[in-house]
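> The lines below spell out each chain.
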Amino acid sequence: IMFTTQVYGDNGKMKEYHYTGPVEHRFSPYSFNGGTVLAVAGEDFAIVASDTRLSEGYSIHSRDSPKCYKLTNTTVIGCSGFHGDCLTLTKIIDARLKMYKHSNNKSMTSGAIAAMLSTILYGRRFFPYYVYNIIGGLDEEGKGAVYSFDPVGSYQRDTYKAGGSASAMLQPLLDNQIGYKNMEGVQHLPLNQEKAVQLVKDVFISAAERDVYTGDALRICIVTKEGIKEETVPLRKD
Amino acid sequence: MALFDVSGYKSHSELRGQILGTGVGHLIDRPNQQFSVPVGVDPSGFLKSCSREGGVSIDLNHGTTTLAFTFRHGVIVAVDSRASAGSYIASKEANKVIEINPYLLGTMSGSAADCQYWERLLAKECRLYKLRNKQRISVSAASKLLCNMMLGYRGMGLSMGSMIVGWDNKGPGLYYVDDNATRLSGRMFSTGCGSSYAYGVIDSGYREDMTVEEAYELGRRGITHATHRDAYSGGVVNLYHMQEDGWIKVCKEDVSELIHRYRKDMF
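Read top to bottom, the protein sequences are chains A and B. According to the UniProt record's numbering, the first sequence holds residues 1 to 238 in order. According to the UniProt record's numbering, the second sequence holds residues 1 to 267 in order.
Here chain A stands alone, though its shape is the one from the complex (with noise of 0.2 Å):
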């Protein structure tokens, strides 16, 4: 196969408003359509949590789009990103979990569709998928469990994570109250499932104060043994 190579240069972008020269434009494949997710892990819960907003460029394309998708019974995964990638990806996880129902008469744990789904991701390691996945759900001994991956399926686990556009504001934040990075003489407590939900919203509210692309409404999935239980809570539409 012959491969062609391009060269892409900086020429055309804008200068302070004045035109620097002629533009090459080409189809790109992808488009950045917003949205925030975060998953927190206790010890007998899991948190996925994500705002509903569908951006592209300046315009909202709908106030409704939630991110997290329910898996298993006992996992639930965040995707942002390309919405179109997002919905894509969801969809061969979705067929990929039931082969594995029908081949092993059992649903798969968490551990392994993260496991599997970096091995997925990975397979357009030279064409990536653009979506930023956040797993979270509950491991074989019913703990809390979060799995964080990065677009082409580095992965590992973790005990709380925020991905898509407001990761960078909510993960120093997280890091602070679930984590207690930075504060001195302050007692560790354990983290229950009613304060860990008060944060979440917490978070996102602040996270809609400051970030453009996350707004309009709140979806929060909480995992437990008894199963799935979903909240909305209505954000900054602004």
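By construction, these hints were calculated from the structure, which means they are not laboratory data. Quantities reported herein were computed from a predicted structural model and do not represent experimental measurements. The beta carbon of each residue, even a glycine, is placed where N, CA and C say it ideally should be. Hints should not be assumed to be uniformly reliable.
Said to hold, decoys possible - Chain B regions said to be covered by chain A (calculated; three or more residues, Cβ under 8 Å):
| id | segment |
| --- | --- |
| 1 | 41–49 |
| 2 | 83–89 |
| 3 | 101–114 |
Given the coordinates of chain A, work out where chain B should sit on it, guided by the hints.
For chain B alone, kept in the frame of chain A given last:
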């Protein structure tokens, strides 16, 4: 079904063929997976070209310092734990050592996804080797397997600098393998963007007849000083010791505490 071809699912007969192998007694690097490629574009420059347009910024996890050296009592492996995506620190506790089996370790530097994927594949091939040949794979063979995987995708923009560390019949083994399919055997290597700083420290403190504690300290210092000077390294030091009867994990210490210990007069 429409999704069947893209989903990457392998049918049972294909899997069976992989496990049982096509040639008895041979070790063949078989193509394990089809990779989708963007049509008509050079893959290594493709991602960079898509970024920046319309707010799209696809940042992949990167960056590290890792080091390993052999001495009288085995091999010391030390790595940092920072994964950066662009200028954002995506993770402070990334795991950059893959435990292939109790006698083999692999380190990861460069692109996190590339290292994780290919070294997991290497772990699978080592396990298959053991099942087929009834003996553990040698460090030399394991590093060569990884090297050949890299050769298959040379020039396509993979980024991986890894050290394969183990103890086999020939004694302690240390090989450096990178994305250009370079494979070098040696007694001391350091990889990643902080490697120059680490080399300075371990080169000046290294003696072949060090005690085990001195070697641990040297490994720790190498990583700590590298994280102090390199922006893309940080987090904690994960230290492993490869001995004759397998590897042990020695410690996991935060570099900010270590740097305070080493440079007491500086602060």
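> Name the hints, by number, that the structure is in violation of.
When the structure is compared with the hints, none of them turns out to be violated.
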